[in-house]
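Peer 1: Protein chains in written order, with my numbering: chain A, 1 to 309; chain B, 310 to 619.
I should point out that these hints are in silico values taken from the structure, not numbers from a laboratory. Do not rely on the hints blindly, as some may be mistaken.
Said to hold, decoys possible - Every beta carbon over 10 Å from chain A, so not counted as near; a handful from chain B, in silico:
no.: 1; residue: L376
no.: 2; residue: V404
no.: 3; residue: A429
no.: 4; residue: G462
no.: 5; residue: G549
no.: 6; residue: G593
no.: 7; residue: D612
Said to hold, decoys possible - So the derived label-pair ranges between C-beta atoms look like this:
no.: 8; chain 1: A; residue 1: V154; chain 2: B; residue 2: N386; range: 26 to 34 Å
no.: 9; chain 1: B; residue 1: G393; chain 2: A; residue 2: V287; range: 41 to 49 Å
no.: 10; chain 1: A; residue 1: A46; chain 2: B; residue 2: F524; range: 28 to 36 Å
no.: 11; chain 1: B; residue 1: L594; chain 2: A; residue 2: I232; range: 34 to 42 Å
no.: 12; chain 1: A; residue 1: Q94; chain 2: B; residue 2: L486; range: 32 to 40 Å
no.: 13; chain 1: A; residue 1: L44; chain 2: B; residue 2: G406; range: 22 to 30 Å
no.: 14; chain 1: B; residue 1: L486; chain 2: A; residue 2: K272; range: 15 to 23 Å
no.: 15; chain 1: B; residue 1: L445; chain 2: A; residue 2: V5; range: 27 to 35 Å
no.: 16; chain 1: A; residue 1: Q270; chain 2: B; residue 2: N386; range: 25 to 33 Å
no.: 17; chain 1: A; residue 1: E201; chain 2: B; residue 2: G341; range: 49 to 57 Å
no.: 18; chain 1: A; residue 1: P47; chain 2: B; residue 2: L445; range: 49 to 57 Å
Source: prediction; values computed, not measured. Here a beta-carbon is modelled for each residue, glycine too, at the ideal position from N, C-alpha and C.
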Amino acid sequence: MGAYVIRRLLQTVIVFFGVTFIIYAAVFLIPGNPVAALGGGQPLAAPVVHDLELKYHLDEPFIDQYGRYLLGLLHGNFGTSVDTGQSVSSLMAQAWPVTVTLALTAWGIEMALGIVTGVFAALRRGGPVDRLMMFFSILAVSVPIFVAGFTAQVLLGVKLHLVPVAGTQAGWPESYLVPGFVLALFSLATVSRLTRASLLETLTKEYVNAAVAKGLPRWWVIGKHALRNSIIPVVTYLGIDLGFLLSGAVVVEGVFNLPGVGLLIFNAIQNKDGAVVVGVATLFVLVFLLGNLAVDLLYAILDPRVRYK
Amino acid sequence: MIPAWSGQQATPAPGTGGAGTPSAGRASSFLGDAWSELVHNPLFLVSAGIVTLVLAIVAFPGLFAGLFGHGNPHDCNLADSALGPRAGHPFGFDVQGCDLYANVVYGARDTVSIGLLVTASSLLVAIVLGSAMGYLGGLVDTLLGRTADVFFGFPFVLGALIILIDLPERNVLTVSLVLVIFGWPTMTRLMRSTVLSERNKDYVLAARALGASNFRILRKHILPNALAPVVIYATLTTGGIMVAEATLTFLGVGLQAPAISWGLELAAAQNDLQQYPHLLVFPGLFLSITVLSFVTLGDTLRDALDPRLR
């Protein structure tokens, strides 16, 4: 166990450096001179250019600048918005609760609905629930999340007045249910298919036959014996999916105008405010990495075979 | 077009029996089995038909655009702005007064091109790097594996977003390139694990004992047996790539006007959605049906060619 944890931690550290390096290189090696841009098209005097380069450390070699950026990250400094002059960290701090609420709502929906429909599909193989989920899972892959979002918004919000059209004024759950469902669509289908496949495989195991042969009731065998063992891959997927829900939130918050971290990126893209995009995306990637690490470690605790791979 | 598709998919199949086992007769019967299963599968026939039609539209948009109205996506009249479907213009007009049907037909090209280009390039990268990693192992495997880990560290669309927002000009090539950069690791891992599982089989050892070079063993013996899973996976992801293009374009970091693509049409529809739903419905329908057909085609091919992957 110890060796596995150390190996996995080392891997995360390497990936962390790689990921931040790519992000940094992408932003700072692009064509265009930020100092010249400050001059608004007018040539700046040489001493002014020199001062600005000193101030923003632009005269240092690339690798020193990258080190400075890493140190900033460790201190929670994700950059400064060019548009508003506010620090990206403070912008994110205001917006974070909305995104967490949205992601957790979607997560709850995909967990509850996905597992229940998956179990039904497995128990009644070829039945209506199975066929419906099969169709639904292909549909969820084929419709872009923003098209699904707009459709739900117009039908449920504008035409039927069932839910608020946009924004978070109505609070939880009214404002979050439809966006959460739209965000969950893709993963809901995956969780359902995964539960179905895993449960079907477990049901062929001998210990399940043994439990049935002992005369245990059907619901007990399924709930207590089969489901427990077939749920591990589903739990793993759900763990990894939290990171994907965050990046999906960029689209969903843009469609439903929820003032979360995703909308922050969404608006920053429209305003060409690269610093905010990179700052928020960096945080998302870090959350994603740590989430994957946590899932792997948890998996190693749940299933000892993993450690010896 | 159906023979072309099946031919492309079938390339690895002869090897599945042929290169590994001495009997060539079994190989052709395996292919024959797969083919007869496919032609009796209505899902395959319908999806292959739609994919063929879409590819025809991509190749010759002019032929299809001319079916209704003037068929010129750039022939716009502001007086027609956002008018709904009417005689001669079955899909109506967009906000600029351009015929929406002609635009949807011409929009197929960029979206589908990106899907096919990204899939083909990722597949090529995966086959080369995956075989090298799986067959050579050692330092090559470690270095490439850790590099792949780094690209795995990005949730898919988010990584592409960070790079794309910095690019001054975005077209089919640059958007495809960025999608490949973040798309190759999954396929490469799959290819590596397949090659790894073939590497120590008896037929490979026999070839080595006979003095075959590494390259020859890889090319003639391992590759034909190891291609099927990654090729099938690739057909399954093509649809997802097209959705990714549309999503990135919607966010404002994908293709840019004056290019015409389904993603651009959907992105343009968002502001006037409540008054003019037809702007979203028609490109959305075309995109979804196309993606649905590609995914279903990949699904049926997988079931026919490699039942183990089900």
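Peer 1: Determine for every hint whether it applies to the structure shown.
Peer 2: Quick rundown of the hints versus the structure:
1. L376: Non-interface label stands for B:L376: nearest chain A Cβ at 25 Å, farther than 10 Å.
2. V404: holds, 16 Å
3. A429: holds, 20 Å
4. G462: violated, 4 Å
5. G549: violated, 6 Å
6. G593: B:G593 not clear of chain A: closest Cβ-Cβ about 5 Å, inside 10 Å.
7. D612: holds, 13 Å
8. A:V154 / B:N386: 26 to 34 Å: holds, 27 Å
9. B:G393 / A:V287: 41 to 49 Å: Check passed, 44 Å falls within 41 to 49 Å.
10. A:A46 / B:F524: 28 to 36 Å: violated, 58 Å
11. B:L594 / A:I232: 34 to 42 Å: holds, 39 Å
12. A:Q94 / B:L486: 32 to 40 Å: About 36 Å separates the Cβ atoms of A:Q94 and B:L486, which means 32 to 40 Å holds.
13. A:L44 / B:G406: 22 to 30 Å: violated, 45 Å
14. B:L486 / A:K272: 15 to 23 Å: holds, 21 Å
15. B:L445 / A:V5: 27 to 35 Å: holds, 29 Å
16. A:Q270 / B:N386: 25 to 33 Å: holds, 29 Å
17. A:E201 / B:G341: 49 to 57 Å: Violated: the Cβ-Cβ distance is about 30 Å, outside 49 to 57 Å.
18. A:P47 / B:L445: 49 to 57 Å: holds, 56 Å
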